[in-house]
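Heads up: the sequence lines are chains C and G, in that order. Per my numbering, the first sequence runs over residues 1 to 446. Per my numbering, the second sequence runs over residues 1 to 295.
Any given hint could turn out to be false.
[Claimed, not checked] Using 20 Å as the maximum straight-line C-alpha spacing, the simulated DMTMM-like pairs for lysine to aspartate or glutamate come out as follows:
id, chain 1, residue 1, chain 2, residue 2
1, C, K443, G, E145
2, C, K388, C, E300
3, C, K243, G, D46
4, G, K53, C, E300
5, C, K207, G, E145
[What the hints assert, rightly or not] Here are some of the chain G residues that sit facing chain C, going by a computed Cβ distance under 8 Å:
id, residue
6, A49
7, F137
8, L155
Simulated from the structure, these hints should not be mistaken for laboratory data. Built from N, CA and C at the ideal position, the CB exists for glycine as well.
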Amino acid sequence: MNKLLKSAGVGAAAMLLGLTAACGSGPNKSDQSASAASSGSAGSAAQASAPANGGKKIKLKFYDFHTEAEEKFFKSLVDEYNRTQDRVEIEYSTFNQGDYTTTKLPTAFASGEGPDIYMISPGDFMKFAKSGLMADLSPYFPEGAKEDFLPASLDAVTVDNKIMALPFELELLGLYYNEDMLKEANVAVPKTWDELYAAAKTLTKGKVAGLVLPPDKGPYFNFIWYPFLWQQGGSVLSEDGTKSAFNSPETAKALDFWGRFFREGLSPKKLQAGPWEIDHLGKKEAAMQIVGTWAINRAEEVFKDVPINVAPLPIPEGGQAATDAGGWKFAVNGKSANVEEAAKFVMWAFAGDPQRALKWCTEVKFAYSPRQSVVEAGKDIYSKGMRKVFTDEIYNSAIPEPRYPSEVLDVVGDAMQQVMYGKYDGAKAAAAADPLINDALQKASK
Amino acid sequence: MTSRKTGSRARSEWLTAYGLLLPNMIGLLVFVFLPIAYAFYVSLFDWNALTPKSFAGWANYRELFGDAQWWQSVRRTLLFSVVYVPLLFMLSLLSALLLHAIRGRASGIVRTMFLMPFAITSIISAIIGMFMLDPRFGIVNALLERLGGGAQPFLASTSQALFSIIGVILWINIGYNMIIFLSAMKEIPADYYEAAAIDGARGFRAFWHITLPLLKETSTFILIVTTIGSFQSLDQILVMTQGGPMNSTEVSVLYIFKQAFELLNMGYASALSFVLFLIIFVLSLFQLRLLSSKK
Chain C
1 MNKLLKSAGV GAAAMLLGLT AACGSGPNKS DQSASAASSG SAGSAAQASA PANGGKKIKL
61 KFYDFHTEAE EKFFKSLVDE YNRTQDRVEI EYSTFNQGDY TTTKLPTAFA SGEGPDIYMI
121 SPGDFMKFAK SGLMADLSPY FPEGAKEDFL PASLDAVTVD NKIMALPFEL ELLGLYYNED
181 MLKEANVAVP KTWDELYAAA KTLTKGKVAG LVLPPDKGPY FNFIWYPFLW QQGGSVLSED
241 GTKSAFNSPE TAKALDFWGR FFREGLSPKK LQAGPWEIDH LGKKEAAMQI VGTWAINRAE
301 EVFKDVPINV APLPIPEGGQ AATDAGGWKF AVNGKSANVE EAAKFVMWAF AGDPQRALKW
361 CTEVKFAYSP RQSVVEAGKD IYSKGMRKVF TDEIYNSAIP EPRYPSEVLD VVGDAMQQVM
421 YGKYDGAKAA AAADPLINDA LQKASK
Chain G
1 MTSRKTGSRA RSEWLTAYGL LLPNMIGLLV FVFLPIAYAF YVSLFDWNAL TPKSFAGWAN
61 YRELFGDAQW WQSVRRTLLF SVVYVPLLFM LSLLSALLLH AIRGRASGIV RTMFLMPFAI
121 TSIISAIIGM FMLDPRFGIV NALLERLGGG AQPFLASTSQ ALFSIIGVIL WINIGYNMII
181 FLSAMKEIPA DYYEAAAIDG ARGFRAFWHI TLPLLKETST FILIVTTIGS FQSLDQILVM
241 TQGGPMNSTE VSVLYIFKQA FELLNMGYAS ALSFVLFLII FVLSLFQLRL LSSKK
């Protein structure tokens, strides 16, 4: 009855909001239960033992949002794991990314039907961690595995000395550019903010944008902007994360720099493809674009005839190199009845055999593994083409994407838009946002 | 004997009528009224959907009264409604009149053309609309430039975005409302127009004195349904602007969506939903009374 009421509640919100269309999507193509075959095949972490509950397998739900090749990878990962188990079966479901964190995960948890294993982004991390929906994974790391992870990547998922999720990818940002367009305009690859601005101005011609930046509010919008703040030593929050540090000259400068591209028409305020797609450069609709490591494979495979290259993000006068290291994390539901079994799968997938992590980071997509042994194992791949620039010139300046509460992201996004649309200058926007961030922190801590 | 027969027939009719209505009434109860009541219940709690609810009394309602962003979104919704509803009504009626006048195969072709945007999923229509209004590569700006006008930012402008969205939603919905008007027009007996013509009433006078009064029921239906619909617009706005730029298209339902599913303030979002429900309810009652009182 209680479950029914809870479900009705979630339904009520959806009904009243008239959200049928937005919430209606079911599992994306697959709601597959990978069939368990016999436990004959070898698996490094296979802890096969006789079924304890009367021959019935423990079923674990795994929610994901990936599609295409990435979905296929996770499906095969689940299949492989299931084949090595005779008392556990993982059921893999993947959903549209737009619905995944906004409706699917919250409604599943609210109705008591949440997954045992799920993917979580830095933007939602704290909310789920504080709600007891992330189990402490510290005890489940295989021996020596914890030391293999970059300390900063584990710090980004540690709360009260507990490792609440497993990082499995680091996606770094770089400045991608069309070599021919720069050459034709006699523009050198920009290294400083002033050079980036001057280059964008020269390269903006007709319908070709000088520089593509994300124009719409959302976590990705902030994600791309943070490096400009960090390059000057600025920060959104104080070091202990309890109050705003937004009202600073560094913020004002980073906001003004960002806003100028849009106000002067060097960056489009509306894009047809997502700002994370390299297609803007690939289709020669832009000369430069700030985007992440994930774009390399597409640039090489789909747009191989376009001379796309990458450089580190330009820095301000006297600033230091900094880039954002984003990436989703694997979490285990702290309220699951089978935390241990779920954690074992997560560890098997990305803290065990380096080959699985390497396949994910180099074949399925291009990202850095937070594990040093994986980067070492893939040395050859990490020094191929544009990857070499990331490995040699960008990797060391990576700062993990901050896990600010959604309320804080919203206020920062508002400040960025206020400068983009000329409502305020950077200093005024930073000053206006400062108390709102403190309010948001207070609200989020409730 | 006869009265007993009549009584039993009335009882049987009553049973048949309510028997047929029962599944619908159960559906309404389970999927509409119970959730509304439960949403009100949730609105009295502080709840993020991930942890147990904690009772907050009227705190969510007190908070919404001081929430400037919410009231701004309500004002934006009212503006949307005030522009959208009359335009949709007039353009649908005008299209129906024109189509009513067209005879032969051309009528079917034009009707299909008008209905096409509505026949596609609203999300797809919104994406098509967004592409058409793209400042750099959109067909609308290409046409404007060809006609000697300047390119417009449309969805990328804080002053144009809401009106651009209205334009796209009109483009999607005109066909459907036009078909409703057209069906009602076809029900009007031709004799009325012939009689009016003998008395010298043609064209606009015939429309004003015959067509419009006889379309009253249909007009009431369309006005009420589109007003309610205008307060609930979400999916197309979410696709086209996500409430931007600078929150200039953040209508009430979008603000509620953000509170509920981005910030996970389920209790607060339920309170906002309940207030919006009351606003729509009162407006619809007022509209219904106003339209049905005019004889």
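Non-conforming hints, listed in increasing numerical order: The structure breaks hints 1, 3 and 4; every other hint is satisfied.
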